[in-house]
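Residue strings, one per chain:
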Amino acid sequence: MTHAIEVRNVYREFQQRSSLGRARGAVCAVDGVTFSVAAGDVLAVVGESGCGKSTLARLIMGLLPPSSGEILVDGRSLVCVDRRERARLIQPVFQDPFSSLNPRQRVRDIVGLPLASQGDLPKARQSDRVMEMLARVGISTEMAERLPGQLSGGQRQRVAIARALVLHPRIVVCDEPTSALDVSVQAQIINLLAELRRELGLTYLFISHNLAVVEHIATEVAVMYLGRIVEHAPTQDLFRQPMHPYTQALFASVLTPDPALGVPDVALGDAYPDPTNIPSGCRFHPRCPKAFSECPATEPDNIRKDGRLVECLLAVDNQTRADRGDGSVAHFQLDR
Amino acid sequence: MALVMPNAVLSIANLRVSFPRMEAVRGVSLALNRGEVHCVVGESGCGKSISALSVMNLLPRGAVRSADHIRFHEHDLLGMSERQMARLRGDKIAMIFQEPMTSLNPAYTVGSQMAEVFERHRRTTRRQALDRAAELLARVGITAPGMRLAQYPHQLSGGLRQRMMIAMALMCDPELLIADEPTTALDVTVQAQILRLLHKLQQEMGLALLLITHDFGIVARMAQRVSVMYAGEVVESGPVEQIFKAPTHPYTRGLLDCIPVPGVTKAGEPLGSIPGVVPRIAPGFLGCGFRDRCTLATAECAETMRLRDAGADHFYRCRLPPNWKQGTAP
Ligand SMILES: Nc1ncnc2c1ncn2[C@@H]1O[C@H](COP(=O)(O)OP(=O)(O)OP(=O)(O)O)[C@@H](O)[C@H]1O
Ligand SMILES: Nc1ncnc2c1ncn2[C@@H]1O[C@H](COP(=O)(O)OP(=O)(O)OP(=O)(O)O)[C@@H](O)[C@H]1O
Ligand code: SF4
Ligand SMILES: [Mg+2]
Ligand SMILES: [Mg+2]
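Chains as they are written, first to last, in my numbering: chain F, 1 to 336; chain D, 1001 to 1330.
I should point out that these hints are in silico values taken from the structure, not numbers from a laboratory. A couple of the hints might just be wrong.
[Stated by the list, open to error] Covered stretches of chain F (in silico footprint by chain D; criterion: 3 or more residues with CB under 8 Å from a CB of chain D, positions within the stretch not fixed):
#1 144 to 156
#2 208 to 221
#3 272 to 286
[As the list claims (entries may be wrong)] For the chain D half of the interface with chain F, some residues (derived, Cβ under 8 Å), not all of them:
#4 Ala-1144
#5 Leu-1186
#6 Cys-1258
Glycine included, each C-beta is placed from N, C-alpha and C at the ideal position.
Kindly produce the complete structure, drawing on both the sequences and the hints.
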């Protein structure tokens, strides 16, 4: 079966110079990532700020080459797909509708640009396609003549979505598409994305910090920490039972609108990871509330079971348990 | 009106800001005490950022500001010269801007931009200023300060950039912090850490925090007082418990219904939303700005709407009586 997106053992480093001392370090923003997304699915990527989500998105869109590893989109290696073709396959929606739209172009021209640069549709058909798409996302003919500065934040994000969809791509990469928007506009945009996915059979890679939105829209979730995917599971399973201690901390940090409660301290401590100096063993161990003696020494393997993946020494599958002689256990679970 | 407090750190009375052909802020009043967190919420485009920028006197070109007063302690900021304002900005009054990329200079490193603020207000050496910057980066959870201070804004992730802005705003221990959507680019664990840091500064140093956010989780857990804005006006204002327990303006109620609640909102079903868009407010507009979208609107809503008292220091701007939810449709 062909996957919409397939990422095989991908690494991406950035070289860095330090102001204090002359040492050069490398930040490994994506540090050995493997996953795939089936056509029509929505994979949400969540994780700590700076853990490499946007870098991963840029790699998948071919905007940045990987240091090593391979990325396939619609069954074809990205290196074999030229820019024009790539634009037809995969399109981005970024967090910031303010800086991603050219302030000097009218809305209809912004949305028309991808079609114009493909250059295979006659002008009149292009214009029809643009207006059709704008109508689809709820932008009126009158608004199509405006400049981005004359639209509200939500309307600008709709324009960005129309621009992403005008070529009818198979895959849309959304990097925090609603985090700049207020809740009512956010709801409109999420509803629109869900509708378009059903209608057009789209596949989404959906980066978001809003776990309620993730639970709502995603079919699968990948949790990243310091360049690696530490947990990957179907949405319902993950929300029912988060396995990795980082995922658990993430869920415990969600602020429900309850004025009787304060801001929780989830006991991750202040030992924030230094990306130029990855901790030994499990990279999460200096902050992990469940860490034990083995964690600083042993790098956890990917444990896969029942369509889930988790990278933690506490997660033990049946086989390992059997090897250890603790008898057969029905579930893939966290002990201790 | 209870909004005027004698010992307020910040007091804004009847603020108006207009652009050619549109009124962005229409008579906003609010006040903030020492050690208090006052949250401002409201739909995109309702005038939150413009109100905040008015206090700093950093409005975009073409904007005209007027007010009865904008006071910081006993000083009226309206009458201050640009030099006097510059002395306050970044020192006693700091602001975290909504869009880090537009307020950071892409041509300078993070370190030099952070150090510059401290050197200017505290007359220190570059070395001391950089040490202070490194200390604050650590407090917002950024490690490897040596590397980070030498980076340019485009080399940082969205969340690192936003935390850098927060650290920069805290360089001079401000008394008043205006934070415009300060955690939108942060994951929830880092967000919680930043909010705990702000809470600590509020408790220990008496920091007064005007917090603009669209996240009701943050509002609930941080605010003592909440102002809800719509189309350039404060349509409801009150203690945080009141706003959640007894939201009175139909817009506030609609807004609260849009929040997806984990476990309650069903995956696959559309989220609640308020149909329609915020109207463009032309000069001379009268009545409730929400009436086009309000299911309870009547002819009365097109007339001048005064602020009503719901008791318990809770005010709203709507024709409906405070207890309209309990009764039959009025
Ligand atoms: N430079 C400008 N010229 C004309 N109108 C402007 C300008 N800047 C802002 N506005 C308008 O002023 C109104 C208030 O904008 P403001 O940025 O305060 O909204 P906001 O409440 O902060 O929204 P958001 O939640 O999207 O940040 C908007 O309708 C906006 O279109
Ligand atoms: N052009 C670049 N040069 C140097 N370092 C970079 C560059 N782009 C990204 N990085 C580094 O790579 C790491 C990951 O960044 P990335 O933008 O992918 O994070 P992210 O997960 O999207 O974070 P956020 O949630 O804050 O947006 C960070 O340490 C960042 O500083
Ligand atoms: S391996 Fe150890 S440190 Fe890492 S997440 Fe699991 S318990 Fe925590
Ligand atoms: Mg990012
Ligand atoms: Mg704003």
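Hint by hint, here is what the structure shows:
1. Against chain D, the stretch 144 to 156 of chain F contributes 4 residues with a C-beta closer than 8 Å to a partner C-beta. That satisfies the three-residue criterion, and the hint holds.
2. Beta-carbon proximity to chain D at under 8 Å applies to 7 residues in the stretch 208 to 221 of chain F; the threshold of 3 is reached and the given coverage holds.
3. Remark: the stretch 272 to 286 of chain F is confirmed as covered by chain D, as 6 of its residues place a Cβ nearer than 8 Å to a Cβ of that chain, reaching the required three.
4. For Ala-1144/D, the interface hint holds, since its Cβ comes within 8 Å of a Cβ in chain F; the closest pair sits about 5 Å apart.
5. Residue-level restraint check for Leu-1186/D holds (minimum Cβ-Cβ distance to chain F is 5 Å; threshold 8 Å).
6. For Cys-1258/D, the interface hint holds, since its Cβ comes within 8 Å of a Cβ in chain F; the closest pair sits about 4 Å apart.
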